[in-house]
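Protein chains in written order, with the working numbering: chain A, -16 to 123; chain B, 10 to 502.
Treat the hints with care, since some could be wrong.
As the list claims (entries may be wrong) - Cut-off 27 Å, straight-line C-alpha distance, at most; resulting in silico cross-link-like pairs (BS3-like, lysine-lysine):
no.	chain 1	residue 1	chain 2	residue 2
1	B	K170	A	K41
2	A	K52	B	K36
3	B	K444	B	K497
4	B	K373	A	K52
5	B	K358	B	K373
6	B	K456	B	K433
7	B	K456	B	K36
8	B	K497	B	K373
9	B	K497	B	K456
Stated by the list, open to error - Derived list of chain B stretches under chain A, where covered just means 3 residues or more per stretch with a C-beta under 8 Å from a C-beta of chain A:
no.	segment
10	12 to 20
11	70 to 80
12	415 to 428
Don't read these hints as lab results, they were simulated from the structure. Beta carbons: idealized from backbone N, C-alpha and C, even for Gly.
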Amino acid sequence: MKQNDLILQTVTKVAAFVILLFAVAIFLGGHYSPGGGFVGGLMTSAAIVLLLLAFDLKTVTAILPIDYKFMIGAGLLISSLTVAGGLLFGVPLMTHAYRYIDVPLLGHISLHTAVLFDLGVYLVVVGVTMTIIQTIGESE
Amino acid sequence: MNNLTFLPVLWPLFTGILLIFIAKRIKLQRWVSLFSSLIGIVLSMYLVFSVHSQGILTLNVGSWEAPFGIVIVADMLASLLVLTTNIIGLAILLYSFHSIGIERERHYYYPVFQFLLIGVNGAFLTGDLFNLFVFFEVMLMASYVLLVLGGTKIQLRESLKYIIVNVLSSSFFVIMVAYLYSVLGTLNMAQISQRIAEVNQPAILSVIAIGFLIVFGLKGAIFPLFQWLPGSYYAPPIPVMALFGALLTKVGIYSIFRTYTLMFYHDQGYTHTFLAWLALLTILIGVIGAIAYWDIKKIIIYNIIIAVGVIIFGISVMNEQALSGSILYLIHDMLIKAALFLLIGIMIKLCGSDDLRQMGGLIKQYPALAWTFFIAAISLAGIPPFSGFAGKLLILQGAGESGNFLGMAVVLLSSLMVLYSVMKIFMYGFWGTPKADYRSAAVPVNKMLIPAVILVAISVLYGVATEFMYPFISQAVETLLNPDIYIKAVLKE
Chain A
-16 MKQNDLILQT VTKVAAFVIL LFAVAIFLGG HYSPGGGFVG GLMTSAAIVL
34 LLLAFDLKTV TAILPIDYKF MIGAGLLISS LTVAGGLLFG VPLMTHAYRY
84 IDVPLLGHIS LHTAVLFDLG VYLVVVGVTM TIIQTIGESE
Chain B
10 MNNLTFLPVL WPLFTGILLI FIAKRIKLQR WVSLFSSLIG IVLSMYLVFS
60 VHSQGILTLN VGSWEAPFGI VIVADMLASL LVLTTNIIGL AILLYSFHSI
110 GIERERHYYY PVFQFLLIGV NGAFLTGDLF NLFVFFEVML MASYVLLVLG
160 GTKIQLRESL KYIIVNVLSS SFFVIMVAYL YSVLGTLNMA QISQRIAEVN
210 QPAILSVIAI GFLIVFGLKG AIFPLFQWLP GSYYAPPIPV MALFGALLTK
260 VGIYSIFRTY TLMFYHDQGY THTFLAWLAL LTILIGVIGA IAYWDIKKII
310 IYNIIIAVGV IIFGISVMNE QALSGSILYL IHDMLIKAAL FLLIGIMIKL
360 CGSDDLRQMG GLIKQYPALA WTFFIAAISL AGIPPFSGFA GKLLILQGAG
410 ESGNFLGMAV VLLSSLMVLY SVMKIFMYGF WGTPKADYRS AAVPVNKMLI
460 PAVILVAISV LYGVATEFMY PFISQAVETL LNPDIYIKAV LKE
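In isolation and in its complexed conformation, chain A is listed as follows:
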């Protein structure tokens, strides 16, 4: 019997975006308030998992055609390149730097290389969680 989950799917379409936005907010606010790459990544994958629950694996892969294993690799690469940046500038590895920059619309903000490291963490967390869930979901 085919179930009718119209309500679930409609709510999901709205809620997934809200969750994603919240995840990005948490990720970007990590330096000054609780949050950061790890929870941000978990929450992003929570949004994708919600999509998986409301629709099915095929639909979600069609919406987000991402190979999550490559995503893990990309995250690791970004983080470790940030670490290795010290080699280029002749300072100890993992030394971070920041600078205040005037960005149009956003105004006078500080950009810190730790964010790049965190971006790597974010990608790895999303990649790992989604790989686990997808693999278990696919296996018979």
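Following the hints, complete the assembly by docking chain B onto the known chain A.
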């Protein structure tokens, strides 16, 4: 500031990441990991010579001063072990090309291999207790994957045991770190040592020392905590087994080296006597296992336990001869155990069985294999021109000097039993009449033999050129005997 110190960890990390992206292209993976291993050896050799000429090298990661940030410390012991690890990594990689099989290679064998090297190198080089824990976990996670990769029945069963034991011991590690932190308020090894010296190791710190011994003993398989090892090491394919046998237990031993010479050395009457008894019992258990079995994998596995006992006994004696003996023996044992596993791997492939009673007469068709095995076997037992001799001799001298004659006797008798156990393999496996025409087995013996020959050759050189190696060893021992050198190098006072 010296970024070189961390390169032996960073380099395999980048290789591992690159290999994730090219996981389906096996030829390319092989070339990339081979190239990376060669570079890794060059880097670690450069590290050894830099430490030799400049003394201990430290790196304050992230430019934070020593007790506050994580510090990477390359002293001579750590750099020698990193070099040995890289050499063994290269040999096992070469061996894997012809024996691990396409299916495993496609499922991220090479990336995980690199991650194991990251964990081992990192554990050797770190100067921070919690960072040591993290590198332990990196190493263990990779070893879980390597153990279970392939998914045969025995692998699934044994990896379950292995994971349970290691999860338990890791949580115990965290608990011990928590205790130590609440007593001393620091996690930097140099500062821990300094603060223990200030309070002169009261009873609570001796308790924590024994706690750490339990943790590292579980990783390194010493007497009452070794039961997981024979089964777990029996399950994986030969290259993985060689990797485990040569590297994993030795990281536990290295950690005992660090904790018992750098930190908890004030109450030796208690902690080090305890260590000595456990070491002797470990040797005893290993010997019983090594002479009991007819299964060649089991024989070599129990020889790991014997070697662990001998090295730990050297640490427990805590004088110059015994410590340098232990270090010499540790490096020798890593090389020769890897070589022996690779050699018996070829034997098992040829005979199609790991039971000695099913084998025989291999020497008629494969003389090179037989004589390489013979040299490896007598090196293991410690026959004079070869590599196991100098280390054991120094351990015996050290024990004699401190008056531990029981220990001397046990170590000497254990050598005899080691010789008996490996000669049993040689005599039953290689002598006699061939049980079958082994040439029909279609095994690429020559290609698989090359890495084993490289390892045996290095260990023979290592034995013959002990005189050349000795300055390096004595530099390592100097740091172990005088923790002040280490503390000064790290805390820059």
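Quick rundown of the hints versus the structure:
1. Annotation: proposed proximity of K170(B) to K41(A) is violated, straight-line Cα distance about 37 Å (limit 27 Å).
2. A threshold of 27 Å between alpha carbons decides the hint, and for K52(A) with K36(B) the separation of about 20 Å falls inside it, so the pair holds.
3. As the CA atoms of K444(B) and K497(B) are separated by approximately 63 Å, the hinted pair breaks the 27 Å bound.
4. Proposed proximity of K373(B) and K52(A) is contradicted: the alpha carbons are some 49 Å apart, above 27 Å.
5. At roughly 17 Å between alpha-carbon atoms, K358(B) and K373(B) fall within 27 Å of each other, so this suggested pair holds.
6. Between K456(B) and K433(B) the CA atoms are separated by roughly 26 Å; this keeps the pair inside 27 Å, and the hint holds.
7. The suggested pairing of K456(B) with K36(B) holds, with an alpha-carbon distance near 16 Å, which does not exceed 27 Å.
8. About 59 Å separates the Cα atoms of K497(B) and K373(B), which puts this hinted pair outside 27 Å; it is violated.
9. A C-alpha spacing of about 48 Å is found between K497(B) and K456(B), which places the hinted pair above 27 Å, so the restraint is violated.
10. Coverage of the segment 12 to 20 of chain B by chain A holds. Counting CB-CB distances below 8 Å, 3 residues qualify, and the rule asks for three or more.
11. Figure legend: the segment 70 to 80 of chain B, annotated as covered by chain A; annotation consistent (3 residues with Cβ-Cβ distances under 8 Å, at least 3 required).
12. Note: the segment 415 to 428 of chain B has 0 residues with beta-carbon separation from chain A under 8 Å; the three-residue rule is not met and the coverage is violated.
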